[in-house]
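Chemist: Two independent chains are provided; combine them into the complex using the hints.
Here the protein sequences line up with chains W and U, keeping their order. Just so you know, we're using numbering that gives the first Met the number 0 here: the first sequence kicks off at 0 and counts up by one. Just so you know, we're using numbering that gives the first Met the number 0 here: the second sequence kicks off at 0 and counts up by one.
Be a bit skeptical, because a hint or two may be false.
Stated by the list, open to error - A short list of chain W residues far from chain U (calculated; beta carbon distances all over 12 Å): (1) V37; (2) L49; (3) F69; (4) T105; (5) R110; (6) L116; (7) T137; (8) H140; (9) V175; (10) R183; (11) G197; (12) M262; (13) L263; (14) R284; (15) Y389; (16) S501.
Claimed, not checked - Listed next, the stretches of chain W that the computed footprint assigns to chain U, with coverage defined by at least 3 CB atoms under 8 Å from CB atoms of chain U: (17) 430-437; (18) 447-455.
As the list claims (entries may be wrong) - Across the chosen pairs, the derived CB separations fall in these ranges: (19) G38/U x A431/W: 15 to 23 Å; (20) V33/W x G38/U: 29 to 37 Å; (21) S432/W x A284/U: 52 to 60 Å; (22) R177/W x A74/U: 47 to 55 Å; (23) S432/W x L167/U: 15 to 23 Å; (24) R183/W x Q132/U: 32 to 40 Å; (25) A301/W x G124/U: 54 to 62 Å; (26) G361/U x L285/W: 58 to 66 Å; (27) R450/W x T1/U: 32 to 40 Å; (28) Q107/U x S327/W: 52 to 60 Å.
Read the hints as simulated data drawn from the structure, not as lab findings. Ideal Cβ positions, reconstructed from N, Cα and C, are used throughout, including at glycine.
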Amino acid sequence: MTRPQTLSRPGPAPAAGPAARPAVPARKARRPAVLVAVSAAVAAALALPLVFLLIEAHGAGTAAVTQLTFRRLTADLLWNTVRLTVVVTIGCAVIGTAAAWCVERTDLPGRRVWAVLAVVPLAIPDFVVSFGWASLWTWVHGFRGAVVVMTLAVYPLVYLPVAASLRAADPGQEEVARSLGVGRVRTFVRVTLGQARGAILGGCLLVALVLLAEYGAFEILGYQTFTTEIFTEFSVSFSVPAACALSLVLVALSLLVLAGEGMLRGRGRVARSGPLAQRRMPPQRLGRATLPVLACFGALAALALGVPVGSSVWWMFEGGAHAIAGVSLVSAALDTAGYGVCAGALATLAALPVALLAVRYPGRVRHLLERSTYLVLAMPGVVAAFALSYFTERYGSGLLYQSAPLLIFCYSIMFFPLALVGVKASLARAPASLDEVARSLGQRRLAVLWRVTLRLAGPGLAAAFCLVFLSVVTELTATLLLIPTGVQTLATQFWAYETNLSYGQAAPFALVMIAVAAVPSYVLGRFFDRSAPAHR
Amino acid sequence: MTQLEVTGLHKAFGEHPVLTGVDLEVPAGSLTAILGPSGSGKTTLLRVLAGFDRADAGTVSIGGSVVDGPGGHVAPERRRIGYVPQEGSLFPHLTVAANVGFGLPSRQRRGPAIDELLEAVGLAGLGLRYPHQLSGGQQQRVALARALAIRPRIVLLDEPFASLDAHLRASVRADVQNVLAETGTTGVLVTHDQDEALSTADRVAVLRHGRIAQCAAPQDLYDRPADADIARFIGDANLIEGVLDAGMVDTVLGRLRIEPSCLASFGPGRGSLADGPAALAGNQAGPATVLVRPEQVELLAEPAPGRPAGRNRDAAPAQLAGRVVAYGYHGHDAVIHVRPEPGGDAPTIIVRTLGGPQLPAGSPVTLRARGPVLAWPRS
Numbered sequence: 000m001t002r003p004q005t006l007s008r009p010g011p012a013p014a015a016g017p018a019a020r021p022a023v024p025a026r027k028a029r030r031p032a033v034l035v036a037v038s039a040a041v042a043a044a045l046a047l048p049l050v051f052l053l054i055e056a057h058g059a060g061t062a063a064v065t066q067l068t069f070r071r072l073t074a075d076l077l078w079n080t081v082r083l084t085v086v087v088t089i090g091c092a093v094i095g096t097a098a099a100w101c102v103e104r105t106d107l108p109g110r111r112v113w114a115v116l117a118v119v120p121l122a123i124p125d126f127v128v129s130f131g132w133a134s135l136w137t138w139v140h141g142f143r144g145a146v147v148v149m150t151l152a153v154y155p156l157v158y159l160p161v162a163a164s165l166r167a168a169d170p171g172q173e174e175v176a177r178s179l180g181v182g183r184v185r186t187f188v189r190v191t192l193g194q195a196r197g198a199i200l201g202g203c204l205l206v207a208l209v210l211l212a213e214y215g216a217f218e219i220l221g222y223q224t225f226t227t228e229i230f231t232e233f234s235v236s237f238s239v240p241a242a243c244a245l246s247l248v249l250v251a252l253s254l255l256v257l258a259g260e261g262m263l264r265g266r267g268r269v270a271r272s273g274p275l276a277q278r279r280m281p282p283q284r285l286g287r288a289t290l291p292v293l294a295c296f297g298a299l300a301a302l303a304l305g306v307p308v309g310s311s312v313w314w315m316f317e318g319g320a321h322a323i324a325g326v327s328l329v330s331a332a333l334d335t336a337g338y339g340v341c342a343g344a345l346a347t348l349a350a351l352p353v354a355l356l357a358v359r360y361p362g363r364v365r366h367l368l369e370r371s372t373y374l375v376l377a378m379p380g381v382v383a384a385f386a387l388s389y390f391t392e393r394y395g396s397g398l399l400y401q402s403a404p405l406l407i408f409c410y411s412i413m414f415f416p417l418a419l420v421g422v423k424a425s426l427a428r429a430p431a432s433l434d435e436v437a438r439s440l441g442q443r444r445l446a447v448l449w450r451v452t453l454r455l456a457g458p459g460l461a462a463a464f465c466l467v468f469l470s471v472v473t474e475l476t477a478t479l480l481l482i483p484t485g486v487q488t489l490a491t492q493f494w495a496y497e498t499n500l501s502y503g504q505a506a507p508f509a510l511v512m513i514a515v516a517a518v519p520s521y522v523l524g525r526f527f528d529r530s531a532p533a534h535r
Numbered sequence: 000m001t002q003l004e005v006t007g008l009h010k011a012f013g014e015h016p017v018l019t020g021v022d023l024e025v026p027a028g029s030l031t032a033i034l035g036p037s038g039s040g041k042t043t044l045l046r047v048l049a050g051f052d053r054a055d056a057g058t059v060s061i062g063g064s065v066v067d068g069p070g071g072h073v074a075p076e077r078r079r080i081g082y083v084p085q086e087g088s089l090f091p092h093l094t095v096a097a098n099v100g101f102g103l104p105s106r107q108r109r110g111p112a113i114d115e116l117l118e119a120v121g122l123a124g125l126g127l128r129y130p131h132q133l134s135g136g137q138q139q140r141v142a143l144a145r146a147l148a149i150r151p152r153i154v155l156l157d158e159p160f161a162s163l164d165a166h167l168r169a170s171v172r173a174d175v176q177n178v179l180a181e182t183g184t185t186g187v188l189v190t191h192d193q194d195e196a197l198s199t200a201d202r203v204a205v206l207r208h209g210r211i212a213q214c215a216a217p218q219d220l221y222d223r224p225a226d227a228d229i230a231r232f233i234g235d236a237n238l239i240e241g242v243l244d245a246g247m248v249d250t251v252l253g254r255l256r257i258e259p260s261c262l263a264s265f266g267p268g269r270g271s272l273a274d275g276p277a278a279l280a281g282n283q284a285g286p287a288t289v290l291v292r293p294e295q296v297e298l299l300a301e302p303a304p305g306r307p308a309g310r311n312r313d314a315a316p317a318q319l320a321g322r323v324v325a326y327g328y329h330g331h332d333a334v335i336h337v338r339p340e341p342g343g344d345a346p347t348i349i350v351r352t353l354g355g356p357q358l359p360a361g362s363p364v365t366l367r368a369r370g371p372v373l374a375w376p377r378s
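Pulled out of the complex, with its shape left as it was, chain U reads as follows (with noise of 0.2 Å):
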């Protein structure tokens, strides 16, 4: 079932359009996350839906109903949507227990009907506080509890876990997580950053320029990312150049398998669909663009007995010789920037490895690629 609906919405401000045909569907239930970088329109898209802005076209329509579109705008307060903005903008002249009671009838402000909510969010016993009083991370929950009082159709997130520290961050953002799932209500959370995103969300949309560009779930999203764009934007990417030819792209990390998903982007080959992949792959050709995960690459220690890499009929990993450039150390991992040698003005590649020496710069490493990997047509 389907919560929100957005459908060809668009947002100018005077002469700036903001938001340029945004559709946008969300599953009853489910948190899903906008990502898009700052000054893609994703708080004015949840503004719009909140019905503080009111859209110059298209329809938003909630649980079924329109609340904006041609047939006229819903008040912010008919909406019933639960809104935590950015800086949680609590209410600074009343406690907490009154915050979160702030939009229930006047009988039911008190109670303990407050208190499970509290509860729910952590903050138990911190009733009579003042917003004041309280940590960044517990006025975020705070404004949750607030939000979720009324009993919401949507919750909408406006970036909430930015003014937060980094650990903190994490803890605030599971308990938001269950919270939402606890009391099964759809969520909607707009962020700039890729890692909450993934991490959070069960759906991720990714605005730009004023529109949804992609939105599929996290994993979906980080493997098969529409474009070479998406693909730099979710993650870290090696997008280097490639000529594909039978179903193998030719990269200088070597011949590489390719997904046969994307080589529908390629255009029809001499083959038809009917005819298998196969076939498609066979007589597909043309200069790519390739997506090669970090974490696809291998640090090999010693440069294996075999062939360099280059164009080779056969597909047998090929090696890359390459120079550290830079290591940066993350503990859990380290990432490593290699210039292939002698490259010449070849790209970096970038390599993720699990543990290992540390690699100062100048140091000799061999790289070799798995596939599959992505590509797209490059022009």
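If we strip away everything but chain W, and leave its shape as in the complex, we get (with noise of 0.2 Å):
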């Protein structure tokens, strides 16, 4: 915010009016300096992995890394990473929205248990269901495979956020353009695509950047990407100039998902008059397409969620009673769990900060703030743990090199926009109005933070911690590479197995992981369900 240093006064003043006063100096408005300091330190933090890049780089040489960059093995990867992005984005886009549109608009039968089996496929990391198919179908390889399995797997991310923006939409529109003389047709895709194109983009967004930074699910598809050639380059090959050089590429091509998706969504902004409907929309009639779309669900339903875990039991079954280590799934499923919770912990502890500000004191600084999350969102997991891991190694003298501390905080930095998502929209839900109230009510900062806006703000945080929860249970590409010696997450110890194709063992720690995975997602499905309609 900025003010003037002198007042100016429209018009001429009225005769009658007090004499003129002085041009006064404008008293400043405080934004909270405790609050900035700790943001500020939250945005640095996020920022580190990055910063080592670039230092490592430089220290390369412009050269080095040139060459590097510009070599043939580049421009395969480039044309694998690229090719697979857009079909599956284009993929899930329309799966996902067509899904969202059924459920949320339509008469389908069943839509309440179909909401739910439509996001359950979050609760399955990618490399399970790619796991699930390769393990029963050898031609589910390379590009073929990687896009059916990808698409499967991450369509979700588009299905719940249009799914919210469906039911949260103005149904007023729709009819007026139905009053208009606007067909069924073109009002879906005047105004019903419309209403949902920012939360099309969004999830586009979303799956495109999960697919650049995707390892585990191409490395068992035999697909080769920026990824996994990272994460070679490093670990077996120790080529660290070289692994370097193609996660700078990386990180540019994620910058330019990001600005292509802000330049798409452009500064248009859904605006509603009046206030938020309570009343829904009378279900659009299928009719004689109700069996047909019912089936196309059901198949959705046997492909994502039958496959991976009928996959999963078969080989549990099919490896003998030998395959199930009791002792070691239960302390990898502690220690999974242990690390999500104090990652989430952290990731919303940091976010809370960053999202008060931003809510409540919008201006440069916020702009700022948001600008270094999206660093962090065009970081995948392979390059954040490979510059983190490398730079305790160099610079730390290895001191926390492959530590639980270590690894957490790489959980959290990664998970952060995931967090700041979270609370940002539960922040919402208590208006400053609230606030205000309150301290003229006679209640200090601290106490209305404390009495007020997290007692609002609950429910959302609860969502943001979940969220962190599920993705530290899922992740393994980041764990692989600083996960403390002689400890296995539930994530690496199938991978471990998988890897020796030992697929007996690997599948009950598969359906450990689906099922502690699965708790979080329920709880996140449930507050996506209620913050959709209007909070009165």
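Modeler: See below:
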């Protein structure tokens, strides 16, 4: 916020008014200094991996980096990564939007059940989906396999926001369009899709970023992308300059995706006049299309849920009783949950001051902070882990290298944007006007935060925590690089068995992982379900 | 005694000045309305008073102590100001009773005090409900009770009735008035509705272009607005051209007697005040803007025999012939727009009548105005 140093007055001053005052310097409004300081520290922590990366690239020398960047391998990786990202993103946009529209706006039988089944794939790690398919059929391989597996694994990332936005959208707009003589189909294209446009784009952005960062699934499918190559360069060939050069290209690619989404989104905002609608739209009648649509939903559930779960169960029994290593399963589950809880708490806590600043004190500082989270979004886990591990080794004399705090720190950085989204949404439910009333009633800032803001934001904070927890449980790439020696999480133990082709022993870990991740997924679903309707 | 005193208050948002020197005094125990069109800075003024925003310049003192001024800024939680926002802003996670007790020390949050307050605002027995289970009017009453619970030095009401239905508005408004009077609480009510301001408040301050244009009791404000703009803003007004001459003013409605008090605005005449108003009146002349309230114009069924309107030297009420342009029926009264005839481009005259037959557009009517009227120099 900028304030002029002198006051100007509109129009001629009425003659009867008080004598003209001399120009008075404006008193400054206080932005809570503590909040700014803490947020700045968080932003600095978020930028760490990228800063390390740039320092390292600089150290390796421009010539070396240029040579490593512009070679045949980079071009191949670029082609592989880009074509997969484009095809899968489009596929997810179509499937996710269509499913969301059917569930939210039509008289599809069993909508509540389909709504849950459409979200559950979020709880299944991409590499488990990939394992489920690839271990059963050999044709699931390479580009074709990657398209099938990844589309089925990540379409909920489009489904969730689109469904929420369709539910919250002003039904009056569609009715007005119809009353103006615009037909059903054209109303869908011009109004409904317009309302959901931001949500679709947001979902596509997430899908693209996930694809850029994915490692495990592509490794199983034998499909080479930037992320798999960086992983290999760093942990197998120990070629740090090469990993560094590829990482920079990958980060640039992610930034390109972010910029593209920002441009497509444009400046248009969904405005709604009047109070939030309480009433629901009368559902569109599917009529004769009901059975085919039901069949599609059934097939989607079977392919996205049935195949990975069924395949894991089959391998578990196929592998025989010796496969189930009870003790390691329990200890891996506990370790995983421990990391998830710590990282979830740390990320949510770190997001709180940033979100408060962003929601309550908009201005230049907010923009800066939002940009800093963009840097994290653009940094795939493999890059963050690689940067952190290499630099603790080099500058921290290996003190924290492969230690639990470093792993938790890495998770918190990686999933900070997720926490921030959740915390911001929850703070929006505690409007500033309530804070003001509370302060006028004699409550200090901290008391207001405790008695009003956090009480109202509570469910949203829980959702943010769950989102990070879920992501940590299903994370593989950074975990493989940073896991303390002698410790196994569900994901790394699964990975160890899977790479040994001990499918029977790997399968129980996949199933437990799904079970542990399903709980937060359910909580998340409830939160999105409730946050959509008007809060009154 | 003055409970709230504001002097020379300035506030700008970026390059955009909102308050440009507000001066206001609110007597203890009174209910003062701040009346202004939307965008006049009403809410900004209220937020500065409550302490949510800081003034750029000027001082605010409450009960004799400065809360915002060159010396510093008292945080909102230390001002003891009850604030009733536009939409109530009840805490959705707390019951009605917990909302009302929010500002009290934790020991007093339950108990008879809360019940008494709820009873005072007409909500006895609803303490265990949640805000979403209340109607809009009930929510506003809870918000008021919550503000009163801390025994505030002043209650600030930000358009508290704007979101209510017309019939509900009147009853909530009357209850608020009563509760404030019974508890002897000083109130400041912000509104854009001049009807509400005139009927609810003891004093009305008109906020215009970021400063108080006039502050007076409702009747004074209506009867003696400081200028033509305020006259137009407070109630319906016929502002017609006239020529001042010897204490009378010649208008399209005839020669009308002028309120002596407004002669001063025409500048000193050749006489002096010491010679008395008559001497002044006799000496001032010039073009004037004349305020004739609609209820000062009478509708005559039959043109009475007599002179037509025009410049006549004698004080007998003149008549004006015209045709009805529009007839607005309001039940208790009717507002009729009449175009003088033969008028050419003469402005229509607004007439308010009690009852009488409905007059279709085009009906010929005869008007007669009664003085005294107000007038200001026309530039």
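Chemist: Give a verdict on every hint.
Modeler: Structure-based check of all given hints:
At roughly 21 Å from the closest C-beta of chain U, the C-beta of V37/W stays outside 12 Å, upholding its exclusion from the interface. No Cβ of chain U comes within 12 Å of the Cβ of L49/W; the nearest lies about 34 Å off, and the non-interface call holds. Annotated as non-interface, F69/W keeps its C-beta farther than 12 Å from every C-beta of chain U; the closest such distance is 48 Å. No Cβ of chain U comes within 12 Å of the Cβ of T105/W; the nearest lies about 29 Å off, and the non-interface call holds.
For R110/W, the requirement that its beta carbon stay farther than 12 Å from each beta carbon of chain U is met, with the minimum near 26 Å. Distance check on L116/W: its Cβ is at least 31 Å (rounded) from any Cβ of chain U, clearing the 12 Å threshold; non-interface status holds. Consistency note on T137/W: stated as away from chain U, and its beta-carbon is indeed over 12 Å from all of that chain's, at 56 Å minimum. Residue placement check: H140/W keeps its beta carbon more than 12 Å from all beta carbons of chain U (closest about 53 Å).
Residue-level check passed: V175/W sits 24 Å from the nearest beta carbon of chain U, beyond 12 Å. For R183/W, the condition that its CB be more than 12 Å from all CB atoms of chain U holds, with the nearest at approximately 35 Å. At roughly 26 Å from the closest C-beta of chain U, the C-beta of G197/W stays outside 12 Å, upholding its exclusion from the interface. Every beta carbon of chain U lies more than 12 Å from that of M262/W, the smallest distance being close to 28 Å; the non-interface claim holds.
The claim that L263/W lies off the interface holds: its Cβ sits roughly 31 Å from the closest Cβ of chain U, which is beyond the 12 Å cut-off. With a minimum CB-CB distance of about 32 Å to chain U, R284/W clears the 12 Å threshold, and the non-interface call stands. Remark: the non-interface label on Y389/W is consistent with the geometry, its nearest Cβ contact in chain U lying 46 Å away (cut-off 12 Å). No beta-carbon of chain U is positioned within 12 Å of the beta-carbon of S501/W; the least distance is around 51 Å.
Coverage of the segment 430-437 of chain W by chain U holds. Counting CB-CB distances below 8 Å, 6 residues qualify, and the rule asks for three or more. Counting residues of the segment 447-455 of chain W whose C-beta sits closer than 8 Å to any C-beta of chain U gives 4, which meets the bar of three, so the coverage hint holds. Distance hint check for G38/U and A431/W: the Cβ-Cβ separation is about 21 Å, which falls inside the suggested range of 15 to 23 Å. For the hinted restraint 29 to 37 Å between V33/W and G38/U, the CB-CB distance of approximately 35 Å keeps it satisfied.
The given range of 52 to 60 Å is respected by S432/W and A284/U, whose C-beta atoms sit roughly 56 Å from each other. The hinted range of 47 to 55 Å is satisfied by R177/W and A74/U, whose Cβ atoms lie roughly 53 Å apart. Distance hint check for S432/W and L167/U: the Cβ-Cβ separation is about 22 Å, which falls inside the suggested range of 15 to 23 Å. The hinted range of 32 to 40 Å is satisfied by R183/W and Q132/U, whose Cβ atoms lie roughly 38 Å apart.
About 56 Å separates the C-beta atoms of A301/W and G124/U, a value consistent with the hinted range of 54 to 62 Å. Under the hint 58 to 66 Å, the C-beta atoms of G361/U and L285/W, about 59 Å apart, fit the expected range. As the Cβ distance of R450/W to T1/U is approximately 34 Å, the hint placing it in 32 to 40 Å holds. Checked against the hint of 52 to 60 Å, the pair Q107/U and S327/W passes, with Cβ atoms roughly 58 Å apart.
The structure meets every hint from the earlier list without exception.
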